[in-house]
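Enquirer: Sequence:
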Amino acid sequence: MPLTSAGAAEYPERPIRMVIPFAAGGPADIVGREVAQLLGQQLGTSVVVVNAGGGHGVPALNQVLNAPADGYTLLLPASGNMTIPSKAMEGKDVLQLLSPVSQVTQSPHVLVVSKTLPVVSVQELIDYAKANPGKVNFGSAGIGGVAHLAMEMFKSQADVDVVHVPYRGTSQVVVDLAAGQVHALFSSMPSLKPMIDKGSVTAIGMSAPSSGSDTAKLPVISKAGLPELEFTTWYALFAKAGTPPDVIKKLNTAIAKVVQDPQLNQKFESQGVEFVAGSPEELTELVRKDTAKWARIIDDANIELM
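Heads up: the sequence shown begins at 1 in this note's numbering, then just goes up one per residue.
By construction, these hints were calculated from the structure, which means they are not laboratory data. Every residue gets a Cβ at the ideal spot worked out from N, C-alpha and C, and that includes glycine. Treat the hints with care, as some may be off.
As the list claims (entries may be wrong) - For each label pair, taking beta carbons as the anchor points, the in silico distance ranges come out as:
#, residue 1, residue 2, range
1, E13, S156, 44 to 54 Å
2, G180, S46, 46 to 56 Å
3, E90, K198, 38 to 48 Å
4, P15, V120, 44 to 54 Å
5, S279, D300, 23 to 33 Å
6, S279, S171, 35 to 45 Å
Please take these sequences and the hints and turn them into a complete structure.
Expert: Printed below as a string of structure tokens:
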């Protein structure tokens, strides 16, 4: 029997660590722990979640890079960690440092507006911003994040003068959005759902099609006035570069089964989180495509990386 096949048959012989570049209790952590439990069941071992938040995901990445390339230390980052340039990752190519395993989720962002704005649609927001140049602001969780770059996409494609208001994280910007100090925000449905349900803010569009019960009824922005504005956020599984191909294949096969779990899908369906899997090659292409998209927006808007 070839050595690689024997190695694959033996893997995993002990618990696996899954490093998540976010603090415990947030959307990434909640999804990651569910996936880790099901992945462990598929592989016949325990998958232990390790939270390493902050630093543009670099501390989490370093935990994987400092471990052996044996498939026992994995990374479950969000798309922004992998595709949005930062000073901390300058000169580094994540696709040279890591071996893609599989995409795990995809989620469009929701565009919401404060009740203080007299708008209930994407076109009305564009019209209002044009009629009130410099008076409409968009909040974000920080400079160079997905919410900021989505705002820059909106600003450029709608040809409007809107103001960016960066915060340190999503929680405070959401509070100020409900209070009317922030007028608009792109963010994930889990972050916004409580306020949408309460009627504190108005959801007017999605950044990509979604089949979720709370998201499918929202118009897709690319079909509601801005045909080039389309993106999703996603989570995906990576191993350290150099991990044996048979181990990557075993992990990929297990993830493909995890994302089909009916209870997992039902639990997150209302939040617009869709579980999807794919080949390592498809994940590689997704990383390259999104990296090019965000780099172009950063360059066009002359954003200084943090």
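Enquirer: Give a verdict on every hint.
Expert: How the hints compare with the structure:
1. Between E13 and S156 the CB atoms are about 52 Å apart, so this pair conforms to the stated range of 44 to 54 Å.
2. Checked against the hint of 46 to 56 Å, the pair G180 and S46 passes, with Cβ atoms roughly 47 Å apart.
3. Checking the proposed 38 to 48 Å range against E90 and K198 shows it holds: the Cβ atoms sit about 42 Å from each other.
4. A hinted range of 44 to 54 Å holds for the C-beta pair P15 and V120, which are about 50 Å apart.
5. Hint check: S279 to D300, Cβ distance near 32 Å, so the stated range 23 to 33 Å holds.
6. Checking the proposed 35 to 45 Å range against S279 and S171 shows it holds: the Cβ atoms sit about 36 Å from each other.
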